[in-house]
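A.B. asks: These are the residues of each chain, in order.
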Amino acid sequence: MSDKPKIDIDYISNLARVALSEEEKAAYSKDLSSILGYVEKLNELDTDGIEPMAHPYPVYNVWREDKVESKMSPEKAMENAPASRQNMVIVPKVVE
Amino acid sequence: MEYEAVIGLEVHVQVKADSKIFARCGAGFGHGPNELADPVVLGLPGALPVMNKKALDGIIKAGLALGCTIPDVSKWDRKNYFYPDSPNNYQITQYDQPICDGGEVEIELPGASRNIMGEHRKVKLTRIHLENDVGKLTHFSSDSLVDYNRAGTSLMEIVSEPDMHSGEEAFAFLTSIRQIMVYCGISDCDMEKGQMRADANISVRPKGQKALGERIELKNLNSITGVKNGIEYEIRRQTSELKKGRTITQATWRWDAELGVTEEMRKKENAHDYRYFPDPDLMPVRVDDEWRNRLRAEIPELPYEKQRRYFEEFDLPYTITSVIVPDRELAEYFEEAANLAPKKAQAIGNLVVNDLLREVSEVGIALSESKIRPPHILSLVEVVEKGTITKNIAKEVFVEMFKSGETAEEVIERKGLKPDFDDSQVKTWCEEAIAENPKPVESFKAGNDKALNSLKGQVMKKSRGKANPQLVDGIIRDLLA
Amino acid sequence: MSDTLYYKSASELAALLEKKEISAVELIQSIINRTKAVDERVGAFNSFDEVDAIAQAGASDARRSDGQSLGPLDGIPIGIKDVLAVTGQPLTCSSKMLEKFVSPYDATCIEKLKASGAVLWGRLNMDEFAMGSSTENSATKVCSNPWNLDHVPGGSSGGSAAAVAAGEAIVSLGSDTGGSIRQPASHCGVVGLKPTYGRVSRYGLAAFASSLDQVGPMGRSVTDVAMVLQAISGHDDRDSTSFKSEVADYVKALSDNAGKKWTLGLPKEYFDTASDAASMEPVLKAIEFYKSIGCEVKEVSLPHTEYAVATYYIVATAEASSNLARYDGVRYTHRAENYDDHIDLYFQSRAEGFGSEVKRRIMLGTYVLSSGYYDAYYLKAQKVRTLIRNDFMKAYEEVDALIAPTSPQPAFKKGEKTSDPLSMYLSDIYTISANLAGIPAMSIPCGFSADGLPIGLQILGKPFMEEELLSVGHAFEQAHDFTNQHPKL
Ligand SMILES: [Mg+2]
Ligand SMILES: [Zn+2]
Chain A
1 MSDKPKIDID YISNLARVAL SEEEKAAYSK DLSSILGYVE KLNELDTDGI
51 EPMAHPYPVY NVWREDKVES KMSPEKAMEN APASRQNMVI VPKVVE
Chain B
1001 MEYEAVIGLE VHVQVKADSK IFARCGAGFG HGPNELADPV VLGLPGALPV
1051 MNKKALDGII KAGLALGCTI PDVSKWDRKN YFYPDSPNNY QITQYDQPIC
1101 DGGEVEIELP GASRNIMGEH RKVKLTRIHL ENDVGKLTHF SSDSLVDYNR
1151 AGTSLMEIVS EPDMHSGEEA FAFLTSIRQI MVYCGISDCD MEKGQMRADA
1201 NISVRPKGQK ALGERIELKN LNSITGVKNG IEYEIRRQTS ELKKGRTITQ
1251 ATWRWDAELG VTEEMRKKEN AHDYRYFPDP DLMPVRVDDE WRNRLRAEIP
1301 ELPYEKQRRY FEEFDLPYTI TSVIVPDREL AEYFEEAANL APKKAQAIGN
1351 LVVNDLLREV SEVGIALSES KIRPPHILSL VEVVEKGTIT KNIAKEVFVE
1401 MFKSGETAEE VIERKGLKPD FDDSQVKTWC EEAIAENPKP VESFKAGNDK
1451 ALNSLKGQVM KKSRGKANPQ LVDGIIRDLL A
Chain C
2001 MSDTLYYKSA SELAALLEKK EISAVELIQS IINRTKAVDE RVGAFNSFDE
2051 VDAIAQAGAS DARRSDGQSL GPLDGIPIGI KDVLAVTGQP LTCSSKMLEK
2101 FVSPYDATCI EKLKASGAVL WGRLNMDEFA MGSSTENSAT KVCSNPWNLD
2151 HVPGGSSGGS AAAVAAGEAI VSLGSDTGGS IRQPASHCGV VGLKPTYGRV
2201 SRYGLAAFAS SLDQVGPMGR SVTDVAMVLQ AISGHDDRDS TSFKSEVADY
2251 VKALSDNAGK KWTLGLPKEY FDTASDAASM EPVLKAIEFY KSIGCEVKEV
2301 SLPHTEYAVA TYYIVATAEA SSNLARYDGV RYTHRAENYD DHIDLYFQSR
2351 AEGFGSEVKR RIMLGTYVLS SGYYDAYYLK AQKVRTLIRN DFMKAYEEVD
2401 ALIAPTSPQP AFKKGEKTSD PLSMYLSDIY TISANLAGIP AMSIPCGFSA
2451 DGLPIGLQIL GKPFMEEELL SVGHAFEQAH DFTNQHPKL
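Residue numbers (the numbering used here), protein chains in the order written: chain A, 1 to 96; chain B, 1001 to 1481; chain C, 2001 to 2489.
One chain only, chain A, in its complex shape:
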C-alpha cells in the first residue's frame, strides 16, 4: 500500500460486472486514486497483533434447527423477474 496504488480500471470493472464509458473510467480512476491516497494514512498505525473486527458484537453458533418454516409459491418467486417461462427465470443462453 505504501507504493502508489496502480488502478487497472478495466480489470476492476470486469470483476464488478459494470460497463463503464471512457469518461467514467477516467473519472473513477481519478476518484479511486484520490480516495486510496487518502486511505494510505492507515499505514501510520502499527496494527501488529491487533485482532481484526469482523463483527461489532461477535458471538458464536447463531443457528436454527433444521425445520421448514418458509415457503413461497413459484409464481410469487417469479413475480419480479424481468423475463420468465415455466416458473423459471429466462437468461440469455449460457454457454461454457
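Simulated from the structure, these hints should not be mistaken for lab results.
Beta carbons: idealized from backbone N, C-alpha and C, even for Gly.
One or more hints might be untrue.
[Unchecked claim] Okay, the calculated bits of chain C under chain B, using three or more residues with CB under 8 Å as the criterion: (1) 2228-2239; (2) 2315-2323; (3) 2364-2371; (4) 2402-2410.
[Stated by the list, open to error] Part of the chain A face toward chain C, derived, beta carbon under 8 Å: (5) Ser13; (6) Ala26; (7) Pro52; (8) Val68; (9) Pro82; (10) Arg85; (11) Gln86; (12) Val94.
Put chains B and C with the ligands on the given structure of chain A with help from the hints.
C.D. replies: For chains B and C with the ligands alone, coordinates are given in the frame of chain A:
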C-alpha cells in the same frame, strides 16, 4: 520415458437436511421449478442467512468419520463471482478456516479378480468445508432457464491431496466416500440427483520427477464410472502430449461422457479473482469436545472396519463381505442372523447374498419390507444342515418363505417337502438305479468318477428330489465298492 | 383541529386517539393532505398509497372501538425509508435498478410495526442504496431541506428526515451505515437515533454494508423516537447478527432518569477539527446546559478518530461491492434491453441500473478486495476498526455518554459537493465512528445557523444502553423548545 499421473479430487456432497443451509425453506430433489425458494434463497434485497444446525452436525460427523481434525473455531467467507445460478452472485463458503482439516479415506483397489480382495491404502485429505449449493440451468436453443430449487442446499466440499495416480484409485476414493456418507446417514450421495459431484485435478510427470506437472482441472464427471473413464482418458491424453514433446497448459477441461473425450472449457488466464472476505452476515462456529464427542458417538462402524471384523469373527470369505459390507442395512440384517448362530455365519451369508438379494431385487422391494427376517434365515440354514431337506429344495423353500413370511419348517410342513421315506428306502432306490443303468456303472468302475452323477440323478428322481444327496453318494459308492 | 394534527407528537396523538378525540383515519387524512400540499416541493416521498394507508387507519380505529388497541403506536402514521421491505409495496432503494420491484415479504421491523398498529405511510426518498450524505444520489427525485429548499436534507435518510420535519409523517424509519439517520436529522432539525448494532433486526433492510447497517427511528421529539425504538427493537432469529439482550422500557426510562446527573465526555478530537465555527456554537451552548443541570462534563480522547473515515470507506465499500452483486439483471432487477450474451447482460444492466456514486463505491470496494490487496486494505481496516472501538470502550469506563457535533456544518447547498466525493465522505467524520464501533448514537436539534438552518447535537452512548442515550437527550429537549419549531413551507 515412463510417465505417472497425479490426481487430486474435489468432491461435493449434499448434506441431507429438511431445510436449506441458510434458509428456512425446504430442500430436496424432484420438485416443480422454483418451488423451493424464499427471499433468502432468491437473494432478495434485505434477506439474511442463518445457519442450519443439521448441516454443521453433518459435516462434523463426516470429518470425524474421515479422521479430520475439527478446529475449535471456523468461519464463513464470501466467494464473489457472477453466474446466473448463484442468486447473490457470491457463494457462502469457508476460505481459510474450514470446519474440517486434514483427514484420510481408506480405499480398496481392484484385486486380481473379482473374488480376490485388492490392496487397501489411505488417500490423504486436505480439508472439508461447508458451503451453499447453486441453482440449476437448463439450456434451450435460444436461451437458458434458471431454477433455484437446488440453490442454498447444504453442500460439503471434500478436497483430497494430490494423492492418487489412476482412474481406478479415484473410482475407489469416490466409492469409499459414498459408502461412508451413506453409512453415517450424512448424504445419500446419489450422483444422478446431483447429491455427489466430483472435479479432478490431473497432472502427468515423468516417473521419478518430484515436481508436479501442469495440471488440468477436469469437470462434468457426473457418475462414478464417468470419473474413472474421464480421468483415464485425460491421463492418456496428457501422457501422449508429453511424449510428443508438447507441453500442458493449466486450464479447465470437461469430460464428455457421450463422446468419451475431454475437451477444453477455459484457459487459466481467465482465472477468477474471487475476492474472498469474511461474511459479515454470519457468526463464526465454535466446536467444543462435548459436541465432537456427541457426534463421534453417532458414527457407526465403518465399512472396512466391519469387513475386517467379519473376517475375524465369522470367518466369512471376501466374496460374501464384499457384497454385504457396502450396504449398511444388509450388513445389519446379516449380523442379526449371524449373531443367533455365529458358527453358521457362512451359510447365513450365502443365503443373504444369493437368495435374499435375488428375491428382493426381483420383486423390487426394499430390504426392510422383506417378510423374511433374520431368524427365518437361520431356520432355513438349520433344516439344511440337519439334512431335513436338500440344498435344492432349500431354494424352493426360500422362495416360499419370501412370499409368505413363514419359517422354513412351516413351508416344509405345508408343502410336504419333508422326506416320507427312510434310509433303507434310499438304499433300495440306489440298488434299483445300479441295476437299471449298467453303462454308467461300467464307466464308474473303469475309473470315471463323474459317471456316478447320472446314477445319483436317477435316485433323486425316484425320491422326487427329497433324498439327501450326500447319503445317496455314500450308498452308491458302498454298493459299487 | 385535524388540519394541524400533522405537527403533533406521537405521544400527544396517542393520547388523543386513546380518548377517541380523534380517529386514526382523521389523522392519516391530515398527513395525506399535508403531503399533497408540500411534497412537490420537498420531495420526501418516492411513492405512497393513500387507499392502503386509509385502510390501515380504518383497521386501527376498528380495533380501538373493539377495545383491542395494540398500544401507543396504534394508528400513528410512520414513514418508511425506501430501503425496507414491506409486503406488496415498492422497494426501490431510490435506484433505477429496483424501479419496478415489489416486495413479497416484510422486514422484521415492519412486522413489528404492524404488530404495534402503526400506519405504514409511504416510501421515503434516500440516496441510492443509502450511499450518500445529501439524498442527491436518489435516482427517483430531488429531495429538499424543508428549512431551505435550496439546501440538501442530508442523507442518506434524507426523505425520512424531511418528511418528519415537514409534517408529512409523524415519525419515520431510516437506516444508518455511517451517519445516514443522524446527519439528515441534524440537517432537518429532528431527532434521529442509530441503535446499537444488533439492537434492531436487519432482516428486510436492503444491505449496504452489513457490519455497519442499523435501522433506526426519526421523530420530532425524543419521546416519539423512544416509542418507535420500543416497537422495532429486540432479538430476531432471522438475523444472525441480532443481539440477544433485554429491551428496556424506553419511554418509562425517560421519566425514571429525569434529573439524573450524568457524566458526559467531550471527545477532544471532535472539537479540534475544522468544524464551521458558527455551527459549533449551539453545541458548545448545549455543553454549558448540561453543566448547568449538574452533569459532570470532562474531556476524553478517542485517539483513532482521524482514521475513521479511511477505515469506513474501505469496510463499507468492500461489503457493498459484494452485497450489491445480487442486483444483476437476472432475477428481479432492471434488465438492459441490449446485450451480447449472459455476461454482457450483467455489464449493461448494472451500468444502466446503478447511479454514479453507487458505481464509484462498487469499484472502490471491488478494488480493495481484489487479489493482492485484501491484507493491505480490508484486513488493515478491520484491525483499525478494533482500535476505534477500543477507544470508545475506554472512554465509557469514565463517562456515561459522549457529546459531540453531528456534522461539521449545517446542510449545504444542492450541488455544492457532488463533484468532490472525498470531501463529501469527509463530512461524515463525526458520525462514522459510532457505526465502526457498533455503539448507539443520536442527533437532537440544538440550534440554528445564522441563515436559519438546523444544527444537531450528537450523543453517543454505551452499547445496548439506548435508554441512557435517550434520557440524556430528553433532558436537553425538555429545557429547550426545538420540538415545536417548524420550517415555513
Ligand atoms: Mg473448489
Ligand atoms: Zn465448492
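A.B. asks: All the hints need checking, so say for each whether the structure fits it.
C.D. replies: Comparing the hints with the structure gives:
no.: 1; hint: 2228-2239; verdict: holds (count 3)
no.: 2; hint: 2315-2323; verdict: holds (count 4)
no.: 3; hint: 2364-2371; verdict: holds (count 4)
no.: 4; hint: 2402-2410; verdict: violated (count 0)
no.: 5; hint: Ser13; verdict: 7 Å, holds
no.: 6; hint: Ala26; verdict: 13 Å, violated
no.: 7; hint: Pro52; verdict: 3 Å, holds
no.: 8; hint: Val68; verdict: 15 Å, violated
no.: 9; hint: Pro82; verdict: 4 Å, holds
no.: 10; hint: Arg85; verdict: 14 Å, violated
no.: 11; hint: Gln86; verdict: 15 Å, violated
no.: 12; hint: Val94; verdict: 5 Å, holds
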